[in-house]
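There are 2 protein chains.
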Amino acid sequence: MYKLREIDAGVCASEGFFADGVSAGLKSNNELDMAFIYSQKECEITSVFTTNKMTAAPIRHFLSKGNFKTNFVLINAKNANAMTGKVGIQDIEEILETCKNVINPVMSSTGVIGVRLPKEKIKAGIKLFNTNAKNPSNAAKAIMTTDGFSKQKAYKVELDDGSSFNIGAMAKGAGMINPAMATMLCFITTDADVSKNEMQAILDEAVKKTFNAASVDGDTSTNDTVMLLSNALSGAYEKEAFKEALEKIMLFLAREMVRDGEGATKLVTYKVKGAKNDKEAEIVAKALSNSLLVKTALYGEDPNWGRIASTVGASGVEADEETLSISFDELCVYDKGRLLFDNAKEEKASKVMQKSLFTISCDLGIADGSFTSFGCDLGYEYIKINADYRT
Amino acid sequence: MYKLREIDAGVCASEGFFADGVSAGLKSNNELDMAFIYSQKECEITSVFTTNKMTAAPIRHFLSKGNFKTNFVLINAKNANAMTGKVGIQDIEEILETCKNVINPVMSSTGVIGVRLPKEKIKAGIKLFNTNAKNPSNAAKAIMTTDGFSKQKAYKVELDDGSSFNIGAMAKGAGMINPAMATMLCFITTDADVSKNEMQAILDEAVKKTFNAASVDGDTSTNDTVMLLSNALSGAYEKEAFKEALEKIMLFLAREMVRDGEGATKLVTYKVKGAKNDKEAEIVAKALSNSLLVKTALYGEDPNWGRIASTVGASGVEADEETLSISFDELCVYDKGRLLFDNAKEEKASKVMQKSLFTISCDLGIADGSFTSFGCDLGYEYIKINADYRT
Numbered sequence: 000m001y002k003l004r005e006i007d008a009g010v011c012a013s014e015g016f017f018a019d020g021v022s023a024g025l026k027s028n029n030e031l032d033m034a035f036i037y038s039q040k041e042c043e044i045t046s047v048f049t050t051n052k053m054t055a056a057p058i059r060h061f062l063s064k065g066n067f068k069t070n071f072v073l074i075n076a077k078n079a080n081a082m083t084g085k086v087g088i089q090d091i092e093e094i095l096e097t098c099k100n101v102i103n104p105v106m107s108s109t110g111v112i113g114v115r116l117p118k119e120k121i122k123a124g125i126k127l128f129n130t131n132a133k134n135p136s137n138a139a140k141a142i143m144t145t146d147g148f149s150k151q152k153a154y155k156v157e158l159d160d161g162s163s164f165n166i167g168a169m170a171k172g173a174g175m176i177n178p179a180m181a182t183m184l185c186f187i188t189t190d191a192d193v194s195k196n197e198m199q200a201i202l203d204e205a206v207k208k209t210f211n212a213a214s215v216d217g218d219t220s221t222n223d224t225v226m227l228l229s230n231a232l233s234g235a236y237e238k239e240a241f242k243e244a245l246e247k248i249m250l251f252l253a254r255e256m257v258r259d260g261e262g263a264t265k266l267v268t269y270k271v272k273g274a275k276n277d278k279e280a281e282i283v284a285k286a287l288s289n290s291l292l293v294k295t296a297l298y299g300e301d302p303n304w305g306r307i308a309s310t311v312g313a314s315g316v317e318a319d320e321e322t323l324s325i326s327f328d329e330l331c332v333y334d335k336g337r338l339l340f341d342n343a344k345e346e347k348a349s350k351v352m353q354k355s356l357f358t359i360s361c362d363l364g365i366a367d368g369s370f371t372s373f374g375c376d377l378g379y380e381y382i383k384i385n386a387d388y389r390t
Numbered sequence: 000m001y002k003l004r005e006i007d008a009g010v011c012a013s014e015g016f017f018a019d020g021v022s023a024g025l026k027s028n029n030e031l032d033m034a035f036i037y038s039q040k041e042c043e044i045t046s047v048f049t050t051n052k053m054t055a056a057p058i059r060h061f062l063s064k065g066n067f068k069t070n071f072v073l074i075n076a077k078n079a080n081a082m083t084g085k086v087g088i089q090d091i092e093e094i095l096e097t098c099k100n101v102i103n104p105v106m107s108s109t110g111v112i113g114v115r116l117p118k119e120k121i122k123a124g125i126k127l128f129n130t131n132a133k134n135p136s137n138a139a140k141a142i143m144t145t146d147g148f149s150k151q152k153a154y155k156v157e158l159d160d161g162s163s164f165n166i167g168a169m170a171k172g173a174g175m176i177n178p179a180m181a182t183m184l185c186f187i188t189t190d191a192d193v194s195k196n197e198m199q200a201i202l203d204e205a206v207k208k209t210f211n212a213a214s215v216d217g218d219t220s221t222n223d224t225v226m227l228l229s230n231a232l233s234g235a236y237e238k239e240a241f242k243e244a245l246e247k248i249m250l251f252l253a254r255e256m257v258r259d260g261e262g263a264t265k266l267v268t269y270k271v272k273g274a275k276n277d278k279e280a281e282i283v284a285k286a287l288s289n290s291l292l293v294k295t296a297l298y299g300e301d302p303n304w305g306r307i308a309s310t311v312g313a314s315g316v317e318a319d320e321e322t323l324s325i326s327f328d329e330l331c332v333y334d335k336g337r338l339l340f341d342n343a344k345e346e347k348a349s350k351v352m353q354k355s356l357f358t359i360s361c362d363l364g365i366a367d368g369s370f371t372s373f374g375c376d377l378g379y380e381y382i383k384i385n386a387d388y389r390t
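Line by line, the protein sequences are chains A and B. Per numbering that gives the first Met the number 0, numbering through the first sequence is continuous, rising by one, with the last residue being 390. Per numbering that gives the first Met the number 0, numbering through the second sequence is continuous, rising by one, with the last residue being 390.
Be a bit skeptical, because a hint or two may be false.
Simulated DEER-style distance windows between Cβ atoms [unchecked claim]:
{"#": "1", "chain 1": "A", "residue 1": "Leu338", "chain 2": "B", "residue 2": "Lys208", "range": "46 to 54 angstroms"}
{"#": "2", "chain 1": "A", "residue 1": "Glu321", "chain 2": "B", "residue 2": "Asp203", "range": "49 to 57 angstroms"}
{"#": "3", "chain 1": "A", "residue 1": "Asp7", "chain 2": "B", "residue 2": "Asp334", "range": "23 to 31 angstroms"}
{"#": "4", "chain 1": "A", "residue 1": "Gly147", "chain 2": "B", "residue 2": "Glu30", "range": "41 to 49 angstroms"}
{"#": "5", "chain 1": "A", "residue 1": "Thr358", "chain 2": "B", "residue 2": "Leu338", "range": "27 to 35 angstroms"}
No more than 30 angstroms apart at the CA atoms, straight line, and that leaves these computed lysine-lysine pairs for DSS-like [what the hints assert, rightly or not]:
{"#": "6", "chain 1": "B", "residue 1": "Lys247", "chain 2": "B", "residue 2": "Lys270"}
{"#": "7", "chain 1": "A", "residue 1": "Lys278", "chain 2": "B", "residue 2": "Lys64"}
{"#": "8", "chain 1": "A", "residue 1": "Lys120", "chain 2": "B", "residue 2": "Lys270"}
{"#": "9", "chain 1": "B", "residue 1": "Lys64", "chain 2": "B", "residue 2": "Lys118"}
{"#": "10", "chain 1": "B", "residue 1": "Lys347", "chain 2": "A", "residue 2": "Lys344"}
{"#": "11", "chain 1": "A", "residue 1": "Lys122", "chain 2": "B", "residue 2": "Lys335"}
{"#": "12", "chain 1": "A", "residue 1": "Lys344", "chain 2": "B", "residue 2": "Lys247"}
{"#": "13", "chain 1": "B", "residue 1": "Lys275", "chain 2": "A", "residue 2": "Lys270"}
None of these hints come from the bench; they were simulated from the model. Every value quoted in this text rests on a predicted model; they were computed, and no experiment measured them. Backbone N, C-alpha and C fix where the C-beta goes; we use that ideal spot for every residue, glycine too.
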């Protein structure tokens, strides 16, 4: 047995980790725009990256280094260093050379695609870093782009033998969040004494159920990154406890990202069951969270269950109107070919949809496949933000 | 050789075809809401239907009849008769029994999902039909739902030997138009003397290049239908001429549907070439026309080519930033790893994007696969229309 205790320390929750954000003039108005994470002891590092073929330079640079340990991660906002070819990699190398007294520094970027990094500003920003600082909130703020609020979460995990370890994280998300990863960055630090292989396997599994089940707009970015660093300084570890704490943190951050989706006013969970298999359930759950017609109906608080049914049918999986049922929270609105929807139901369903947080369940009634995704509505604000993001 | 001459006669362009629209009180304000097409001679009928598994009752009813000839098609707006199960089929049978003096009448529906047809209103509407009427424009208006304008096109095809035949069509589209068919209905009539098998093969091929290359919002409806009726009354036929005229009509209607997409202000053609094969080119072309980030950039007239590149990369096909190039009309904005985009280019690119009609070309630089799709932008009006469509 073990106990999870939430602590308010973000990526500095674990022993020996330091972090801060500085303003290097990448954003306007002296906003924080560069962050670092530093560990006094070198860390095992595991990661999950975007599946986009136009992989941004920082990811290609990371992957080209093979197996390595590090104790320093540098993150900049406003420029993704994507579609920048070989010079994009050279720019990273030149920048990282200026990071003194650290081991194998790693760079991560988010922002506009197709523009070279402002190297001199970034190098000047690095000089402002104080690796003795413990300001995780500043780091979380610095990595924001169109995010409306910063995102952090941390747990102390107390084991039965009296030992304990910590896991803490920060993330940025907002638009472009999609079931196959998104312009989302997430950095997780831990002092658990976990092996690299086990850490990678647990991380891969957790990403599937959390960030890959989240959708804002169905687009997948060039820069998506989840990194997990462990310096093992606690000397403690217990697999199930580590797994649960990590998944809880990642699920919280993934849901926060969707809740903060560009223009989003609602966070909706899509519980799909009864599909032919888990894969088909996943296809349906993601189709629902990505459907423009479903998302606009959510925004309009219109209990238009026909669009849900149509999206299930259009997703390409095995489905039949005679076995399908649909519920809004506990309220069944369509049941295996029976049209239940009258004025009284509609009134109740509208009440559910007025909530900022609710669940749409689809039972396909075929076999045992299940998957849960989450998404947001699509309103005017999304258009406003995205019609001219670059300016 | 042959000559195509455009004629202003919609589905009444061909000999022996009659059509009209009536108001049966399904829409408000006495708007036209029911249409019929009648042929004095029975017709071969070929069709392409939605791939949505929640196939609407009219389509299931049609398919259950096997091979048959008809001379009467009845279409209603405002109610899709979808998700209505067995009673949906019974309602159609009851309605069609009231159609006197016609052969194997066919019904087609568009509108809200999950509500039973207002049978009595529809039966009363049928009594208003005058099968001697030639009012194709009324028929085209009656089938509209959220369409901003009605859509018709017809050609007289003049062959070298002095003989001629006609093809005419009407369609409704607007929202929910997607590469794998959409809530779009299209009815085509011809007096060409074409065999059923040849007509079906030509129709299938034409659908791929036209309606299935069109996208408004990436959703696929329960009711999508393309029907082609031939009464052979002209006695004339020539395959290549028929094929060209049919494809021209369908391409025109598909493009009109996208141009009239809910809230659309631009019609954009996506020309993809250089892909590994035609299938991969199609995946990219459709990913571009469906991407929310691309569509909102179009609306904002923001020449954000990075989103194009990112969407290509996210589509899952073989792609590489070192071989990719991107153009807006003739203006190359990214060329095989070289960042060409400066202020002068941006100004020119912005000018292209201000047009209501332009082309975005992507050459993947890998092999010879190509495909052309078309789509529209996504603006505030789409949200307004879809946030509360049912009311």
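| field | Structure versus earlier hints - violations, ascending order | value | 1, 2, 3, 5, 7, 8, 10, 12, 13
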